[in-house]
Amino acid sequence: MSTQGFNVLKAKDFASDQDIRWCPGCGDYSILAQTKKILPELGLPVEKFVFVSGIGCSSRFPYYLNTYGVHSIHGRAPAIATGVKVGNPDLSVWVVTGDGDGLSIGGNHLIHAIRRNLDINILLFNNRIYGLTKGQYSPTSELGKRTKSSPFGSVDNPIHPISIAIGAEATFVARTMDVNVKHLGETLRRAAAHQGTAFVEIYQNCNVFNDGAFEYASDKEVKAENTLYLEHGKPLIFGKDREKGIRLHGMNPEIVKLGGDIKEDDLLFHDEKAPEPSLAYLLSRMRHPEFPEPMGVYRCVDAPRFDTEMLNQIQAARAKGPGRLEDLLNEGDTWVVD
Amino acid sequence: MSTQGFNVLKAKDFASDQDIRWCPGCGDYSILAQTKKILPELGLPVEKFVFVSGIGCSSRFPYYLNTYGVHSIHGRAPAIATGVKVGNPDLSVWVVTGDGDGLSIGGNHLIHAIRRNLDINILLFNNRIYGLTKGQYSPTSELGKRTKSSPFGSVDNPIHPISIAIGAEATFVARTMDVNVKHLGETLRRAAAHQGTAFVEIYQNCNVFNDGAFEYASDKEVKAENTLYLEHGKPLIFGKDREKGIRLHGMNPEIVKLGGDIKEDDLLFHDEKAPEPSLAYLLSRMRHPEFPEPMGVYRCVDAPRFDTEMLNQIQAARAKGPGRLEDLLNEGDTWVVD
Amino acid sequence: MKANTKEPSVAKPVQSIEQAAVRFAGDSGDGMQLCGTQLTTSSAIFGNDISTFPDFPAEIRAPAGSLAGVSGFQINFSSHEIHTPGDRVSALIALNPAALRTNVEDVFDGGIIIVNEDSFDKGRLKQAGYDSNPLEDESLSKYKVYKVPISKLTRAALKDSPLRAKQVDRCKNFFALGLVYWLYGRSMDSTLQWISSKFAKNVDVVDANTKALKAGYFFGETCEFFTHQFKVPKATLPPGKYRKIGGNEALAIGLVAAAELSGKTLFYGSYPITPASDILHALSRRKNFGVKTFQAEDEIAAMSSIIGAAFAGNLGVTGTSGPGLALKAEAIGLGVMTELPLVIVNVQRGGPSTGLPTKTEQSDLLQALYGRNGECQVCIIAPASPSDCFDIAIEACRIAMKFMTPVIILSDGYIANGEEPWLIPEIESLPKIEVKHPEGGNGQDFMPYERNADLARPWALPGTPGLQHRIGGLEKEDLTGNVCYDPENHERMIRLRAKKIATIALDIPELTVLGPEQGDLLVLGWGGTSGAIRSAVERVQSSGHSVAAAHLRYLNPFPANLEAVLRRYKKVLIPELNTGQLRRVIRGELMMDTIGFNKIKGKPFLISEIEGRIMEVLSEGSGQ
Amino acid sequence: MKANTKEPSVAKPVQSIEQAAVRFAGDSGDGMQLCGTQLTTSSAIFGNDISTFPDFPAEIRAPAGSLAGVSGFQINFSSHEIHTPGDRVSALIALNPAALRTNVEDVFDGGIIIVNEDSFDKGRLKQAGYDSNPLEDESLSKYKVYKVPISKLTRAALKDSPLRAKQVDRCKNFFALGLVYWLYGRSMDSTLQWISSKFAKNVDVVDANTKALKAGYFFGETCEFFTHQFKVPKATLPPGKYRKIGGNEALAIGLVAAAELSGKTLFYGSYPITPASDILHALSRRKNFGVKTFQAEDEIAAMSSIIGAAFAGNLGVTGTSGPGLALKAEAIGLGVMTELPLVIVNVQRGGPSTGLPTKTEQSDLLQALYGRNGECQVCIIAPASPSDCFDIAIEACRIAMKFMTPVIILSDGYIANGEEPWLIPEIESLPKIEVKHPEGGNGQDFMPYERNADLARPWALPGTPGLQHRIGGLEKEDLTGNVCYDPENHERMIRLRAKKIATIALDIPELTVLGPEQGDLLVLGWGGTSGAIRSAVERVQSSGHSVAAAHLRYLNPFPANLEAVLRRYKKVLIPELNTGQLRRVIRGELMMDTIGFNKIKGKPFLISEIEGRIMEVLSEGSGQ
Ligand SMILES: Cc1ncc(C[n+]2csc(CCOP(=O)(O)OP(=O)(O)O)c2C)c(N)n1
Ligand SMILES: Cc1ncc(C[n+]2csc(CCOP(=O)(O)OP(=O)(O)O)c2C)c(N)n1
Ligand code: SF4
Ligand code: SF4
Ligand SMILES: [Mg+2]
Ligand SMILES: [Mg+2]
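Sequence lines, in order, name chains A, B, C and D.
If you're matching positions, the first sequence starts at 0 in numbering that gives the first Met the number 0 and goes up one per residue.
If you're matching positions, the second sequence starts at 0 in numbering that gives the first Met the number 0 and goes up one per residue.
If you're matching positions, the third sequence starts at 0 in numbering that gives the first Met the number 0 and goes up one per residue.
If you're matching positions, the fourth sequence starts at 0 in numbering that gives the first Met the number 0 and goes up one per residue.
Possibly wrong hints are sitting among the right ones.
To be verified - Some, not all, of what chain B presents toward chain A, calculated at C-beta under 8 Å: (1) Arg114; (2) Arg115; (3) Glu141; (4) Leu142; (5) Phe151; (6) Val154; (7) Tyr228; (8) Glu230; (9) His231; (10) Ser277; (11) Glu308; (12) Gln312; (13) Gln314.
Quick caveat, the hints were computed from the structure, so don't treat them as lab data.
Virtual Cβ for every residue (Gly too), placed ideally from N, Cα, C.
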């Protein structure tokens, strides 16, 4: 690894020379800005990063970074990233995908990358719409949503990225949001630090085809009521005056008002390190408008990694005697004709 | 619907004239037998059933039933079944798939069928191996499993069908087993009765390539310790003498001995109707050898169905005035040239 | 130029012209597509023949003012029959420097250029790559340039509007449109109506757009700069009732019509992709026709779903573009083996891979023919023009159900998005599609792979008592349809399936030519090149050359007389928007060489390009 | 016949023959593949030339005794060079009536049939569709039939074994093998060794199998029924060290060798599918060579993963069969656009759709050529025989890395599973594969799409400072590789990509012929038909005809001299296991008609079939 001078990298060192082609006001800009901000902090030179994306507005992302990149085909980024990472485990590999790219056509690759738990970071820009194809509903669109392809309202029950990721036993799962730049940056840092597949859902506003989809979580007036910021080891508290909390009633979360009988200690405490993902799953089911939506790191645990396990096997095999071409050709029963 | 005489149907009326081509001893035989047994009870004539499968040993299934059937291509059965059901909602549509067919190549279609919750039944024969292609590890194979394609042991963390199905917010999820014929039959009945996508994982022995994979759950000596039969509204009890139970410790299940301090009432009670799937998810994480594995119905709830919602929209639109070809052609601005 | 809207309006002289091609160009967000569509509608209603060509970038909205973000819409309206949007434009309306730069080359010498003068500031000039302001140097001297401060004039016209400044600025496209309306003496009525109904919920917007449109119109009328109006008289089209129609829209309507004509329910399973998505959009609105649209999780699921729907008795149709067709390949193979009626619409775009997603191309012919494993033929047909999509959709459904086979429709981006007038057909004139399903049996001797005279197998529907059967992807036994590994059966079935496709040739019209029945040159085309070829051939015919044109709607099988027709000419020229795919197939199929004329630029042929090539070919030595 | 193993053994006379083709046939569970492989090994070690043809059903294990469940293995061993497993067999070993019935037709008149008499009971006769017992009627009178109670004799031999009855019965294949060993005077050594090492963990099994094998051998020696032994002398093969090799195995080794020769890490991403899975199995054992195998979730992921791995600097290879190739199509297009070195192995099987998954066919040539959206060429090569798979693997990797392009290898089920002796090459004789990666720069002026003399772009690896660049599926700008929608650039790039593939023709050997350099007939083949064509042509040559054979290893681009060679013969015959795909391509490419000879039965050509067709063609009127 070339170490020369990378400790003085700045965000601008990660900017490519390409014109950015998102609509003015698109949430993607902010995600790009935060990414460029945190990358220099990771202690790796620009050339060690590879960004892989599929197709969609979000998937334009790699062009705007001065790293290596693949803007691939629709839905396949996790599979391509698997090849990149296994091909050269020395690289820091990032997948950028959309709710259509990652959960519709690419759902299977996403799940399989997650379950293999190889050391890549997957950023899913969820704008609950197909942006690039100009506004059809996506797998994360709400039931009843009217779009170009659902003029009478969508009849597809939506998928929830975090629930699916936990169903696939993800070792790192988090949610953050385009406009919450500090939290976004911090979440990206956490994802980068995780060893294994880090899955991050990023709420992203598509101001052209689905404007305001996450207003409930971004609007100053209401966001404190509608979101809940997870902190490891801390109770689940939210509200403008942090006056409300989440308590467990059997297996069900319920909203309670703090004060009076109810103390912080009665609340559900977040444990991102819980070996069992059941808590994380339960959190993933807290959804607007019934519940405040948890933001932050749902789960962060260690588990065997596909990439390192494979390398271990190779190293073990080579330790017993590295392959020689000569032997390979002459294997098995041979005979000589004079 | 033709009703003539279907109330006297017998299992043999559901047998086709094709030779069965599974290996002697294969668990598929028993599943076929139970299916033929319960189908006559469903109050529909043979011609109203359509069985759709992908490719794999398990996917041979439709050939052996005297119903309509599609033995399709690898992994696509849920998508084909979606077309069949939406095409003619009058039909009883069943998907038969394997752990490779349904969770490897077909994982995405499976998830999307589940989340759309259309009224079909999906039977996943899980033998934790690729049978038809002669013994490669599958997405449900254990870490470290040695197979033809993993001679040094698999490095892929497995997927758990029920966890994934719950991640996709399945409305009906159950697990049963080839050799437990009564339970198998009963589970199939329950699946058939459910309105919405019913997902059933069936442990199935492949005696040629993965013999004994589920011995822990079938062997007389140990099965009572290793499995737990779920009953709605009942506490989670297991063991040869039903002397053990599952108690909730925070969000974690723990095994306890009944008697002494611990009463049945202290145990976790099963609730398949719980609106929140968190309990079902938690149960799906109870795995051998740490826990007895829950068998039976994990979850059974009602939710909007893709097929009926689509029909409703059509009916509503037609009620406002069914489309006329004449109008269609003459829509919008028109002008006349004389 | 100083704008002066205050002066009293005086009627200006009107110059009658045969035809005008107008192009609007601006930022993706500037509403150029809308201007184009409105002018199209009003010209169509007026009675011109029309042909349009929208051209937009792959980005939703690239940076304002950038070359990459320029969106254009060209409309050709004429007093005689036309078949293309026009090679060059008589008037360009450029809302910013980038739009001017990327489009100016296409303007006729002496043509009109109207620019929004307000946008020619330093920043945008630089963005467009101009070193100096073209409005101020000599570079545009061969055109009639009108520098109109469109932004300022729009703001002035809307100074009383309660809308915010940004919203006001967005009205400038209507100002531009109004100006063009005046220039060509078009009635504003249809657009005014459209504005009122489109923005019905927001009266301020209705008001602002209305004012902007009128302001533009009156500006033309009053401003001394414009010395005369143009007039493009009505075209003498065949009598009847017309509407304006685009290719994707016509295709969607055609599918609905086919469902009605055959008494089947239409099931459209699709995954969005440019430039095919609009078919999904159009069909999803047709619930009152019982149309079922299924937005699948991907193209494989879409294709699979229509196999299921067809098995269940629906008319199963899917739509996509090149990359999606590639993904559907395996499932199309299942369709071939199961012999179900399936229609696959492929709206071609620039390839390979993601290629040029918003541009047109004809490069999927070989994929459609051969892009599947094994010996796996399907029927392939292609529309000639936007309105022909209606007929081709019906024809595809008819063939699919008559012959129990997948049929691929090869449309393309140019046809899909282009518009033209459509003589609305009488319902009685539409083909009847008779569909018969076997009616039940005793469950024993039903033969799901027994064939009728057309070699089609019976379409037996689940739910029918006694006809239970199983289909699938493994080789089928002749007649019984059981899985069969017998070597002789395999060869028989491969040949039977191929023969069935070949048999379709007996069921389709022969190839006809436009022009002499034999002669020096035949120009053969397929798909969206039809209009340009026809126009080019008409031009050279009118200068006395022995040249004919022919259009191939059926690409597999070919019309029975194809070879006979081709051999009647000394030379055959095949213009294609690819490297010569049809030409290659014809060589392989007929052992006959032809001359290729190939353009792979993401753009349709110009008439002049084909004309030029024809003249070259005619002047070259004889021999093929 | 009464078995009598008690009598003292006496040496029997030995008849020397040139060649023997032996076929084992029985239930899928009977171990017929094992018998075949063992006889192959011992014959190879002995010094015969060999060629094998395993033939198994699509089911893992269909019902015992059923026709569908019959599994066969044919081996041809010879004292002269041979190229096919033999048209007909000199000896058939049939373990049950179904095996007899499905195979008897292929036995030479007067040939040997050894049956397991014990299995000819009523039930199994009926299952096989026999009305009467063929061992008891006259139907087999033209063969030498040996009715051996193999089951009983095996049980007798193992009466002291601690194994259970079922296990004992499973040893009967070794009994049959022993008998065949005796019949052809083969040494049991290699099989005895194999048994001891294979079952090392279970001494009882070693013991039982050893005893059964020997019992079979001694039975032949002693039983009066067998009057003499046969002897197939050593073949006079070119000198050197040999091993027996199958196609998939050779391909796997070839890939590892290519990685070693180029100093690259092999990344094999694949999804299991018959008949390609064995390549995955073989490579997954090669971890000591640093080989990375990735069993992907599907074929799309497999293809995508090797694109990623190749980008990261590995030698990316994937393997599949027809339906999988269809699924990979879109991603192969990305490989074409990104111009990365990728090798795609397609082991063809019977299509379309799932077709005949365990049978061979050559029906994916057109798919390989055209099965992608847009203008999207890749290089295509095909091995001629099992051992040629080694060389073809190296060649594919060499071309992929030299030209930065996807290369498709078209193997087939016949080659993949067949075995033959392989003259182990000297490492020095293997091609050198030089790979250069650009070494870093200043990050500004690196041109990822600048081309060298071969038109290949640089393979710049992530991790290299200053060479950061982005690739993808949108059209690339010449030189810079930036996304580019420019019309001229698009056409230029389409032509450049095609030209690069065409350029490969300068880098590959010219087509050579076997036989006269010009003459009446050239028989042109590709892929696994090579052996049968060569043998047939040699036969007709030896009867004095002016016929030559040529084998096309390179299918895209063709060798530069292809047309010249073909035109030197009055006629060209192309035998193919499809409806004439190469023939069609040659018509399209060279405007030259050839005569097709097509078989689509899931089986390879017999030499006699091709010979017959050659004679027909020679005797037909002249002219093509
Ligand atoms: C194989 C294929 N199918 C379909 C498309 C068309 N397509 C491009 S992006 C997209 C969806 C984009 O939605 P999302 O992933 O949510 O990204 P966004 O644009 O919203 O960021 C689709 C359907 C394609 N490019 N390729
Ligand atoms: C597109 C495609 N890829 C691969 C295959 C090969 N294939 C057939 S079945 C199968 C897996 C079978 O495993 P599973 O679904 O678990 O079924 P089982 O045989 O174990 O019942 C595979 C990989 C195929 N038929 N088609
Ligand atoms: S369409 Fe939406 S997601 Fe795409 S760039 Fe525009 S605002 Fe962003
Ligand atoms: S291989 Fe396994 S799953 Fe397949 S039929 Fe045989 S026993 Fe059953
Ligand atoms: Mg989106
Ligand atoms: Mg399995």
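Now the hints, each set against the structure:
Among the interface hints, the one on Arg114 (chain B) holds; its C-beta lies about 5 Å from the nearest C-beta in chain A, closer than the 8 Å criterion. Against a cut-off of 8 Å between C-beta atoms, the interface hint on Arg115 (chain B) holds, since the closest Cβ of chain A lies about 6 Å away. Given hint, Glu141 (chain B) at the interface with chain A, is violated; its Cβ is 12 Å from that chain's nearest Cβ, farther than 8 Å. Annotation: interface hint on Leu142 (chain B) holds; nearest CB of chain A at approximately 7 Å, less than 8 Å.
The beta carbon of Phe151 (chain B) is positioned within 8 Å of a beta carbon in chain A (closest approach about 5 Å), and the interface hint is therefore held. Look at Val154 (chain B): its Cβ gets to within about 4 Å of chain A, closer than 8 Å, so that hint holds up. Against a cut-off of 8 Å between C-beta atoms, the interface hint on Tyr228 (chain B) is violated, since the closest Cβ of chain A lies about 20 Å away. Evaluation of the Glu230 (chain B) hint against chain A yields a violated restraint, the C-beta minimum of about 17 Å exceeding 8 Å.
Interface hint at His231 (chain B): violated, since its Cβ lies 15 Å from the closest Cβ of chain A, which is beyond the 8 Å cut-off. Of the supplied interface hints, the one on Ser277 (chain B) holds, with its beta-carbon coming within about 4 Å of a beta-carbon of chain A, less than 8 Å. Because the closest C-beta pair between Glu308 (chain B) and chain A is about 4 Å apart, less than 8 Å, the hint holds. The beta carbon of Gln312 (chain B) is positioned within 8 Å of a beta carbon in chain A (closest approach about 5 Å), and the interface hint is therefore held.
Here the hint on Gln314 (chain B) is broken, as its CB sits about 11 Å from the closest CB of chain A, past 8 Å.
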